[in-house]
Amino acid sequence: MTSRTPERPSAQSTVATPARPAVRPAEAVIIAPGIAVRGHLITRGPIRREGPAKLTGDARYADDLVFPGAWYGATIRSNLARARFLALELDPGFDWSTVVVVTAADIPGEPLMGAVKGLTPDQPVLVPVGGDIQHHSEPLALIAAPDRRTLRAARRAATVRTEPLPPVFDPLDSDKVFVSHDVVAGDLAAGFAAADMVLEGEYRMGHQEQLYIENQAMIAVPTDDGGVTVHGSLQCPYYVHPALMRALAIDARQARVVQAETGGGFGGKEEYPSLLAIHASLLALKCHRPVRMIYERHEDIAATTKRHPAVVRHRTGVLRDGTLVAQEIEVILDGGAYCTLSPVVLGRSTTHAGGPYRCPNVRITSRAVRTNTPPNGAFRGFGAPQVIFPVETHLNRIAEALGISPLEIRRRNVYRLGDVTPTGQVLSSSVAGLEVLERAAEAVDFDAARAVTHRARLTGQGWDAVATSPLRSPVRASASGIGIALAWHGCGFTGSGELRYNSIVTIELDATGQVRVLAANTEMGQGTRTILPMIAAQALGIPSDEVEYAPQDTALVPNSGPTVASRTAAIVGGLLVNAARKLRAEVEARNDGRSFARVYREDAARHGASRASDQFKPFPGQPFDEHAFTGDPYPAWGWAACAARVDVDLDTGEVAVREVVAVDDAGVVIHPILAEGQVEGGTLQAVGYATIEEMKVQDGRYLNDRLSTYLIPTAVDAPRITAIMVEAPFDGVPHGAKGLGEMPMDVGAPAVIAAIHDATGIWIDRLPATPERVLAGLTASAGANESGRPGSGGHDRPGGRP
Amino acid sequence: MTAIRFLVNGAPVELEAPGMRRLLDVLREDLGLTGTKEGCGEGECGACSVILDGDVVDSCLIPACQVDGRIIRTVEGLAALTPDGRILDDLQAAFLATGGAQCGICTPGMLLAARVYLDAGGGPDEDAIREAIAGNLCRCTGYTKIVEAIALAAETGRRPAGA
Amino acid sequence: MPVEPPVETPRDLAEAFRLMALSPRTPIAGGTDLMVRITGEIGSPPDQVLDLSRLEELRGIALEDGRLTLGALTTYAEIRRSGLVARSLPVLAEAAATVGAVQIQNRGTLGGNIANASPAGDTLPLLLALEAVIEVGGARGERSIPADQFWIAYRTTALAPDELVLRVRIPLVEARQVRFRKVGTRRAQAISKVVLALAWEQADRKDRWSHVRLALGSVADRPIRARSTELYLEGSRATLETADGAAETVAAEIRPIDDVRSTADYRRQVTARILHRIIRDAGGW
Ligand SMILES: Cc1cc2nc3c(=O)[nH]c(=O)nc-3n(C[C@H](O)[C@H](O)[C@H](O)COP(=O)(O)OP(=O)(O)OC[C@H]3O[C@@H](n4cnc5c(N)ncnc54)[C@H](O)[C@@H]3O)c2cc1C
Ligand code: FES
Ligand code: FES
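Protein chains in written order, with our numbering: chain A, 5 to 806; chain B, 217 to 379; chain C, 108 to 392.
Label pairs and their in silico Cβ distance ranges:
#1 C:I149 to A:F98: 20 to 28 Å
#2 A:V430 to B:A344: 48 to 56 Å
#3 B:I287 to C:S317: 48 to 56 Å
FYI, nobody ran anything at the bench for these hints, they're computed from the structure. Glycine included, C-beta positions come from ideal geometry on N, C-alpha and C.
In isolation and in its complexed conformation, chain A is listed as follows:
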């Protein structure tokens, strides 16, 4: 943190935060093979493993890899959202012997793919001629050529003939439900009957693009045994591996998946790389050469998955003091054209829909439906942001109507130890909702800050000064506000997901005395490669730099499950601790109980290599019933709060988010810098979701499929972000971690929207709060004021604060 605002909020993180790190010039110290720094690096925790390679340009991302003789691959796509694929016409004027063309007819194995195990495969690898196109930019055929010029010419010489069919774009009009749930707790009718007030609301969110800065990239290399090795930018090697086996009809050894350095994923490289890997492999097997498929940005945005758009409706009954007595919630996710991960995303939306609040009478109905847009998929938060924004905004509107502060109504309702959730889970440990809320409130002095904006309103400088006719500038040019939000986030997969994967982690002490972690969990910036060795080292009682992390290559590492759902530190980390403890016990036992640290090298020299593994076992607690949606969907919950300050330009409706304080409970913090980095990055993605990131869709096509039209925050748009870590350890894993990566994404948007309300009096019920929407709200509220009826776009005007 530097000098933008000198006073850093008083609350400090629970992890040791020494003074700002500094580099002291002195002698050079080697930090990586062939790389040194002058003097000591003063930092918190070990340096990022691959940091030196990333800072020198040595790190090799997929497009940096050189495969001599490789051809270039491209995808022929549909330009209609729904149509019959009649024919692929190849211009006879082009010499087709210089390239290879792949269509659905060339697929040796299964023509349909599913995102993950257990979900019905419904997505064609390529739409067959005669088949139905279900979305714009859907892959129809593939071409590879020895050079880009030929590839370009070949693409131009191939034309697609189609016959349009009527598409469906509005999820409310969809006739195909991929999956649905109905969760009931208590007696809803009785709850509403007992309520002093009932408030309804509808909230909408659009697509959000992951926008990793490195586009999707995959290189397939045919192998002598008729198989293929793919090198790519990906999150889950063991998603790609079975996908290749199925589509190419090859066995486990013929398919090999190697992760290249990966330039960001955020969920966007969870399932899509499987499809891309199949495409590259089909071409490589046909032309008998390596084939590079490196997407350009517009193709990446046009064709790959996004965060699911959602419509969420709330009807809530409360007592006069703000106590929730009834919540009726309907969640509709727009799944896009194929099922992909929608059932899994919807599972999380459903379990999180009520928010982190106790309510005895609840009904949550949810469904994910098909529309004719590219399939939506995983994106940090995974269905939770789409329900947390509605529940938080709705709660704020209730608080306003009752004249209770947003902080107070949360204090009153947030889950405490022993409370029971709508699925019947008893929250019996690691419940930190109140703590994260209080820490966030304290860090920004929430009550005092709100009193200031409140006073500004009373003296006519606030909301009243906002009120002007549509074409008139208001007295004040801008208004400031503060907002707070709270969320919970289930740790690991929803329900029996972990059981399905049966993850294995191995630790080895090789014959040379090197300790190595073998896991499939990938580094994509979030720090896997650094924290897993730290966790292992701690269990073994040795320094972390003595533990290596094996490369993510399916020929080398076991399936420790995908790198998703914030599960790496918690679930995989837990397995790793157990495996390390086994190895340690084994080694210490045969060395007269001398410590592993002292004897392990010697032990390796004497006994050769040793290995220990641990495999996932179900957590204690109630099993989760995936159909009834009852039981414990997660072994533990993480808790997050966020306070945001905004300035709203009252002439233009532009929102500048000035400051965000994010408080997150990750169970334990393994590496303070990496943990803060997760919070800061996730928070900015949430700020983008709240303010400027809007995917415009026309006839099923994304209009802003370039970086000049899909805008994400730059450094000057980004607020000053302060990350505060809270630790409420989870006792179901040996090291207490619950996961962190996604929580910041859940709370940012509702906090920003609450702050916009505090500044202007308008409620934004549709993300993002673009200047267009904010200005429309401002002038609508002005119109209402002029007619003597105070209001804000039809919603109630706040009463005074208590």
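Add chains B and C with the ligands to chain A, keeping to what the hints say.
Relative to chain A, chains B and C with the ligands alone:
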């Protein structure tokens, strides 16, 4: 094809390339300097940033014909080369210390934009740093630790040598 | 992967003129617009390119006969750094600072912005409001085109196919007030939703406004002067009544459209409100 001569990281380069070939492709494909990244190909992301005659520019927007006779610095040229290996410069070390690189794909461009800022005498002022890197998108960090790293390097650089 | 059309790099203006006369070539200056086109993703890439970057005749900022003269190759970074601009026309530096971010400002040129003729070109409304004159030339000679006759249709200029933009001359007027405002989606690296430049003459703060020029970007198929609103403001004082009337006049005068960046309604409303704000600030009420 045009004969093009320039200096990259202090080393003279001479090659035949189409004059409208992007400098980005010349660096990555013709010279194998893959530290320079492509994120958009249209000047929006800054991942392809290099230093051209002291200014930070997007190499995806520069035709090869315009670099003839010029001096280019890429991420590969930041660390000092010594017989025993490379020594990171202050800025690289600061990124390592603060955690300014996550996935690392924006990092080379970010480092070069920051390098120019510091070389021009830029200080630890947060707003000034943010303006200097506004043409470099990062999706991982929220920029916090990047800004911190640049401020740290600015302070380190200001201290008298050897202090 | 972009196409790589042939390119020539003339060493002086005469050679450039000769090549342009030979057959039409697409000039490249800083390349920040043109290099996006060679990707072939948007619009068609040029067949043949002429690299202007070595034409020293097109560089430099000078004060000549009470006019600020800027060579076509002047970059935004040079404008921002120029002491001359800071002293004589700071609003130009202010506008340059809103273009793209550092990388774009280091390369993008004023001549490129003018010739590219985007309705969202940020400097163009300013050139219109300041009554700049654009000097163009080719093998057949040089001529001067007033800014308000330069952008004649959607992405079309008054340049002949064999002509280049050479320089811009901006008259410096003693009692002139100028205001510039850009509204984009984010605070850096954003194409405008609305750009507004307003100039007027006024010896004293209390005086009536004269010689009012109001120009707008992103609200029509080209950068435009809002002449009805200029007329409305001519001879008035910065009162609430004036501001209200001007806002209404400009809202009625422009015909913005819905596109991927914004909506017609928003553009109309924001144009009116920021004009209202400028008058409010000028009036000090
Ligand atoms: C990321 C990014 C952000 C941008 N942000 C902005 C912004 O905020 N505001 C804005 O206004 N623009 C913006 N632009 C557009 C662009 O930077 C400007 O229009 C710039 O001024 C173009 O100048 P150039 O020298 O780079 O033009 P070039 O790309 O070299 O040329 C542009 C066009 O003008 C022609 N041309 C250039 N010079 C001459 C000449 N002397 N005579 C005749 N024809 C000529 C070329 O043939 C070409 O058609 C942005 C571009 C990018 C890539
Ligand atoms: S690749 Fe050059 S700016 Fe994005
Ligand atoms: S570190 Fe990943 S984009 Fe910046």
